[in-house]
Amino acid sequence: MNTQPKYWRNLAELENTPEFEDFLRKEFPDAATTAPGSTSRRRFMQLMGASFALAGVSGCAKVKEAGETAEGLARWEKENILPYARRPEGLEPGSIRYFATGMELAGAMQALQVATFDNRPYKMEPSPAHPYSQGGTDAYAQASILGLFDPDRSDKVLSKNAESSKKAFADFAGPHFSALRQKGGQGLRILAGSTSSPSMHALKRRILGLMPKAQWVQWESLSRDNAMLGAKMAFGSSHRTHLDLDKAKVIVSLDDDMFGSHPARLRLARDWAKHRKPEDGDMNRMYVVESRFTSTGASADHRLPVRAEQVKAFAMALEGAVKAGLGQGKAGAKKGFLSTGKASKFVDAIAADLVANKGEGVVTVGHNQPAEVHALGHRLNAMLGNAGKTATYTAFKDRDSETQQFKGLVADMAAGKVETLVMLGANPAYDAPGDVDFAGALSKVATSIHLGLYVDETAKVSGWHVPMTHFLETWGDGRTWDGTVTVAQPLITPMFNGTSALEMLATIAGETKATPLDLVRNTITALMVPEAAAPAAEAEAAEAEKAPADAKDGEEAAKPAEPEDADLVKARTALAAFKAGFDWRKVVHDGYVAGSEFSAVQPALAAFTVSAPAERAYTASSELNSGELEVVFYDDGKVYDGRFANNGWLQETPDFMTKLTWDNAAVLSPATANKLGIKDTDLLTLSVGGKSITAAAYVMPGQSTGSISIAVGYGRRSAGVVGGYTTKGYEQVGFDVQPLRTSDSLFSAVGVTVAKAGGSYKLATTQSHNMIDTSGMNAIQKRIPILVRSGTQEQFKADPAFTKKKDHLQKKDLFSLFEERNWSDAAHQWGMSIDLSNCMGCNACVVACTSENNVSIVGKDQVLKGREMHWLRIDRYFAGNTEDPELAAMPMACGHCENAPCEQVCPVGATMHSAEGTNDMAYNRCIGTRYCANNCPYKVRRFNFHNYNEDLKDPANAKKMMIFNPDVTVRMRGVMEKCTYCTQRIHYAKRQAKIENRSLKDGDIVVACQSACPTNAIVFGDLKDKKSRVRKEQELGRSYAVLQELNVKPRTQFLARIKNPNPALAEA
Amino acid sequence: MTASVANIDIDNTGVDPRARDSLVLGDQDLHSVTEMVCGIPEQERIHRNWWIAFTLAASLMGLFFANIAYLFWEGTGIWGNNNPVGWGWPIVNFVFWVGIGHAGTLISAILFLLRQKWRMSIARFAEAMTVFAVVCALVFPGIHIGRPWLPYWMFPLPNQMQMWPNFRSPLLWDVFAVGTYGTVSALFWYYGMIPDLATLRDRSKTKLRKFLYGAFSMGWTGSARHWHRYERTYLILAALATPLVLSVHSVVSFDFAVAQLPGWHTTIFPPYFVAGAIFSGFAMVVTLAVPVRHFFGLKKLITLRHLENMNMIILATGTMVGYAYSMEFFIAWYGASEYEGFAFVNRAFGPYAWAYWTMVSCNVISPQLFWFKKIRTTPVLMVIVCIFVNIGMWFERFVITVTSLHRDFLPSSWGYFTPTIFDMMLFLGSFGLFSTLFLLFLRWIPVVAIAEVKATMPQAHMHHEDEHHSEDTDGAATHG
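These protein sequence lines map, in sequence, to chains A and B.
Our numbering applies: residue 1 is where the first sequence begins, and numbers increase by one.
Our numbering applies: residue 10001 is where the second sequence begins, and numbers increase by one.
To be clear, the hints were calculated from the coordinates, so they are not data collected in a lab.
Some clues are possibly wrong.
[Stated by the list, open to error] Straight line, CA to CA, 25 Å or less: simulated DMTMM-like cross-link-like pairs of lysine to aspartate or glutamate:
| id | chain 1 | residue 1 | chain 2 | residue 2 |
| --- | --- | --- | --- | --- |
| 1 | A | Lys804 | B | Glu10338 |
| 2 | A | Lys806 | B | Glu10338 |
| 3 | A | Lys805 | B | Glu10074 |
| 4 | A | Lys1049 | B | Glu10338 |
| 5 | A | Lys860 | B | Glu10074 |
| 6 | A | Lys782 | B | Glu10328 |
| 7 | A | Lys960 | B | Glu10074 |
| 8 | A | Lys811 | B | Glu10338 |
| 9 | A | Lys782 | B | Glu10074 |
| 10 | A | Lys953 | B | Glu10231 |
[Said to hold, decoys possible] Cβ-Cβ distance ranges computed for the label pairs, FRET-style:
| id | chain 1 | residue 1 | chain 2 | residue 2 | range |
| --- | --- | --- | --- | --- | --- |
| 11 | B | Leu10240 | A | Ala915 | 41 to 51 Å |
| 12 | B | Thr10420 | A | Gln810 | 24 to 34 Å |
| 13 | B | Thr10420 | A | Glu1035 | 17 to 27 Å |
| 14 | B | Trp10164 | A | Ala879 | 39 to 49 Å |
| 15 | A | Met912 | B | Phe10176 | 39 to 49 Å |
| 16 | A | Ala915 | B | Ala10215 | 54 to 64 Å |
[What the hints assert, rightly or not] So the derived list for chain B, only partly shown, Cβ under 8 Å to chain A, looks like this:
| id | residue |
| --- | --- |
| 17 | Trp10087 |
| 18 | Ile10145 |
| 19 | Met10154 |
| 20 | Leu10172 |
| 21 | Arg10201 |
| 22 | Ala10259 |
| 23 | Val10345 |
| 24 | Asn10346 |
| 25 | Phe10349 |
| 26 | Ser10435 |
| 27 | Leu10439 |
Glycine included, every Cβ here is placed at the ideal spot set by N, Cα and C.
Please construct the entire structure, taking both the sequences and the accompanying hints into account.
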C-alpha cells in the first residue's frame, strides 16, 4: 500500500494487501500460489468455490454496485474470476449467461459473446449489437473455446527448456528490465504480431519512450504488407481500404479471397449477402479473377481462373478497358493469355459493367498480390468514382514493410546487436520465411523471452518460455477492421498459470503494479476521455491512437521518467471518466465503445507507374513444363498461420473446397497434373531457389492451370498432441511450406520445379473425390442440378417458382404407406430454411455445431475410414469443365423429415418424432443397429464407432471436459447421433418464455449454425407461425426439398441459388 | 467305418424309373442299415482324422469368440463399416448363414410333404446343418449392433417403462422370423431323431451312453401308438415348418426391401432371396454330404441319385437367381428412377464390379455346369461347383448390402468399404463354430435317419414287393 489518496475505495483492494495474500496462502495454498496446474473439473470447482468463499463479502458488495446491469456485465474492478458463494440477484444456477468479449487475429478484432454456464465459458457466439460485426462469427472464433481448454497448453515457465517458476522469472525480469531501462533499452527488441490493441500500443509507446534505443518489430507470417505498400504507392501515404459491399452493385475481386482470408471477411460476406436475395430486388454481381478456387470464387457470378502472377496483367488490361470505356483513352492491345478466350471477354465485360455502374462498383485486390496491383486497384476505384463510396479509406501511419522489419531484426540478431529479445505470442522459429534463419540468429541473442500459449518451436529455442493467457483469461482490447474499439473481458481465471502480453509489457515498462484490467480500462478511458490521460504526451498519443491500428509509431515524445504509480493513474483516470460521463461498465457490457471507429479520409491519388508484367511462355496446359510453375501460399481458414494447429475442431473441419481434413496438400488442376504425369495423392517435391519441400498432390478442378496452391500453417513440429510434436512422437500434421516462402515473396513462388518424390500419401477427405469412375461422374452430373438447384436472376424474374419444375414428382403423386401424422396438435412446428444464394462456405456453422453439440473429433485415421462425426457438413460438387468448373454447394444436416425413414426402421424406437416435428434421438435407447443411417437418404446420421471420449478418462485430459456444453449429452460408443435442431436451445427458449409468461416469438430460438452464419443463410423457426421468417422463406417459389420425390417431407428446405450473370458473358 | 459292404459309388442315376436302382444300394437289409449308421457314433476309438478336423474347427471357433470378446471391448469400429456403409460383413454373414440354413428344413419338411423319398437319407444332417447355420446366423445380428450387450431390447419384453420395440421395423420382424425358424427347425430336427436315439440307447454298452441317449429318446419304445403319434406330430411339424422355410428369408429380405435405399428397395427380393437361400443351402448340403458319405461309409445310403437330385435343384434355383439378377436390371431400367438405375449400373460397372462379376460367375454360370450329367454325378466336381455357389452366394449378399449403401442418393456421401482383419477373422471363425457343432453331431448322433431310410427299402414293403415306387407309402414307415 502506498500513501496516495484513494478516490475509489472498496473491499476488493483487500486482495492487494500483503496480509490478505498471506492469509490466502495459508488457508488455500493452491489457490494463492499457483493457478490450478492440471486441474480436473472437480478440482477446478473446488478451487473456485473455496477461493470465492473468501471473496464472498466483496463479491456481494460489488454486485450491489453493479446494480441492474448484473446480467451482461461480467467483471468489475477485480481480477479473480470466481463464481459466487452467495447467489447474487439475477444469477441463476444452470442458466446461460452471455458476456461480450472479442478475439483478435492478426490485427483485427472480432466482436464476440461468450456463453457461460455457472461461470464456465463453453460456447462462442456472435455479437449482433456490435456496430461493425452485426452478427456472425468465423470458424476460428468458434474453435477458440477449444483452444482455451487445450490440455497441451503450456502451464510452466521454462528456463532453457528446464522447468522453472513464475517467481524465478519475475526475479530475473525485474532487475533485468530495470537495468535495460537505465541503458535506454540498448539491445532490446520486442517482436510481436500485428495488433490493433490500444492498450498494447499505449504500452509500446511508453516502453519506447522509456527506452528510446529499444525497437518494436512486428511480424505476421500472413502479412498484409502488400495492401499497405500498395496504398502508399497509390496515395503517397499508408491507408487502410474499407469496402462497402452493401453499396456495391458490381464487385470485382482480383485474387482477393474476401470471404475467406480478409480481416473483414464477416462483414464483407454479410454486406454481399444482403443483395443476393432475388426477392429483394436487383442483385449485385461479383466477378472473381483468382488463381486458386476460393470460397469467394465459389460465390461469384463469374469466375476466371488465372495464375496469381497473371493477375497484374489482367488488372492492367482492365484499367485500359475502363479508361477506354470512360472515354479517357484507348484500350491497349491485349497480349498473351488475355488475347483469347474467356479472359479477353472477361476484361471487356467487367470494364463495361464497372463503367455502367460508376460509383456503385468496387475493385478489390488480394493481400497476396504485389503492391503494384493494389495501387492499380485504387486507381481503378478512383477513376470510376467508387473511392469514397464503395471503397473508403482511413489514414495510417507509415511504416516499413513488416517483413523487412523482421528481416532486419534477424540480421541484427545474427550480428550480435540484440541482447534481449522478447517475443509476444509469436512463433518465428516456425513461421519465418525460408530465407530468414531465425532459429540460427536466436542463438546469438543473450536473453530471449518467449511468451506463448504452447511450448512451440520458438519456445524450445528460447532462453525463457512464459506461458501466455488465452484471450478468454485476461483483459484485452482491440479494434475491429473499421476501428471500433472492442473490449475483451476474461471469462475464467487463468487456468495454465498464464501471463498476458499486457502484463509482460508492463513488466518491461516497470509498471509492475498495473493489472491488465487497469491497463485496458485506463487506455480505453484515456482514448475516449482525453482529459483522463494526464501527461500531455499520453493525451496526444490517445488522439493519434484513433487512427493507427497496426501502424508503427516512430517518433514519440520521450518520457524517460520511471512510470507513475499505478494506483495514481487508475484513480485519475476513473475521476476523469466520471466527470466526462464515460461509463466503463457499459463498455464492458456492450463489448465496444460506440463511435470509436476510424474516420474516413479521401486521399488524393498520386502518380505512379506500374512495371510491365512478366509473361510466362505458356498459356495452355500443353505448354507447361516443370520449372515454370507457380506455387501460391494461402491460409485455408483452419490453422491460419499455424497458430491453431493444435485445435482438433479446426483440423477436422473439412476445407470448403478440398474437403481435406488433417492435412494441407499441393492443389493442382487436372490439366496441370496430367501434363506433369502426377496422380492424386502422389508425394511431390517442389523446389525453387535451392529450397525444396515435400507435399502430397491433390488434384482439384478450378485451380488455375500451371499454378499450385498449398496452405500454410501445417507441418508444425512442436504444436501439441493434435497438431504434431515430433520430439514427443506425435507426427507432423500436413506439410511445412515455409522453406519455399521468401521474405520478398511471401505468398507465391514462381519457377517452381515439381518432381515425384515417390510413393503416395493418405489424404483424409470427407468427400471421396479420387475414386469416382466414369459412370459415377455421369450420375453426379445428372444429379447436381436436381439436388443443388440454381438459376439466374432472369429465370427467376420470368418464373419465381422455376426451380420447382425440377421436382420429379408433384405432391399429388406422392402417397404414404402409413397414415400420416396430423401436425396441427402441437403449439410449434420447427423447420429450417437454408438460402443457397447466401452460403459462401466459411465453415463457421460446422464448427459452431461441433462446439454447441459436443460433437467428437475422431482423428485422421477415422476420417480416412469415413467416420467423421460432423452433424452438419457442406456438400460441394463441381460441374462442367475441370479447369474452369462451376461449383454447387449446400450445407446438409438432418432435415427432420415428417415421414422420417430412419424412424420407421429402428427396431427399438430410439429415434422418434416429437409432437413439434423434430426427429429426436434417445441415445439411451439406441442399441446401434445403424439401420437408420442406412435408410437415411441424406446420410446425415453419425455413428460412434469407438468411444471417442475415451481420452477423458486420462486425468491429464480432465480440462477437456470443461469444453462440453452442459445442456447436451456426451454420447457413448455404439450409439447413433445427428442434428437435433439444437433441441436444447429450443427448450431453453421455451423455458425462458414460460418464466416470462409470454409466448415464443420468432427469433427467440437461434440455433448454433444459424447464429454463427455471417450471411444469415440459415433461418430456423416455427412453421406454424404464419409470420415467421422460416415460414415465409419456405413459401417462396425457390424453396425446395432435397429428394422431395421420396416423400419423406424434410422440415429443412433450401432456397435455390440465384446467380446474376452478365449477359455479355453468357456461354455461347 | 463299420460298413459291411464296400464303400463305393454305384450309378443309380438312371432316368428310367423302371430301370433305376433303389435308393438304398447294395445287398442291404434292415439290420445292416442300422449297423451302418449306428456304427459311426459307436466307434470305440475316435478316428484320428476326426480329431484333426475337430482341433482345427475348435481353434477357429476360439478365434471367433476371441474376436467377439475384442469387439465387446473395443467397439464396432474394429470393422470396416463407415458412414455410408453402416452394414458390412456381419450382416452379410448373417444373411449368408440364414440362407445356408434353408436347405435342411426344406428337405425335411417340404420334400417330406411332397413325398420325396430320396430326402430320407440326407434329411438328418441337412437339418443339423440348418440348425447350426441358424446358430451361426443368430450370433451376427446380436454382435453387429453398436452396444452388443443390449440385443434383448429388440424383444418385446414387458418392462416398467412400457417400452416396446418398434413393430414397423423389419429388423424386429427379423427377430421373430429367424427366431421362430430356428426354434421350429431345432424342434423338428430333434423330434425326428427320437426313434434313432432310442435305437442307440438300446445298443449302448456303457451306462453313461445309455443314460444320455435314454434321456434324449424320451422313453421311446417303438410301440405302434408311439409310432402313430410320432408320425402325426412329424407331419404337423412339417406343415408348420414349410411356410417358415418360405417366410424366413422373405422376412430377411424385408430388411433390405422395406428400406428405401436404391438397390434394396425392390419387390423382387422375397422370392429371389428364398430361391437364393435354397440354392446356397443345397450347395452346402452337397458340400457336406460328399465327404460325410465318403469318410463314414455311407455311399450306399447317400447315393449318387441323392446327390444328383440335389444338384438338379441347385441348377433350377441357380437359374432362378440368374433370372432375378436380370429382372432387377430390367426393372431398374423400366422403373426409370435415376437412383435405382444408377445403383445397378454401379453394381456392375462401379468400384465393386469385381464383386458383382464374382457373384455372377459363381451363381449364374457355375451351376449351369450341372447340365452335364458327368459333373452332376461326379462327387469331386459337384463339390467344386457347390463351393463356388456358396462363394457366389456370400458375394451376392455382399453386393446387395455394400454396393447399394456405398453410393446412394447424395454423391457427397459416397464412400468405399474396405474390410478389416477383424471382419475376416470373424467370418472365418463362424465356420469354426459351424464345423465344431457339425463334427460333434457326426460323432454323437445318427447321421442318417435310420427309421426313415428303412421305410424306403423294399423290406419295408413286403406286401407289395413289385411296387417299389408306389405312390402309396402311407403308413409304410410305420412298419420300419
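Against the structure, test the hints numbered earlier, and report the numbers of the ones violated in rising order.
Failing hints, ascending: 3, 9, 10, 12, 13, 15, 21, 26, 27.
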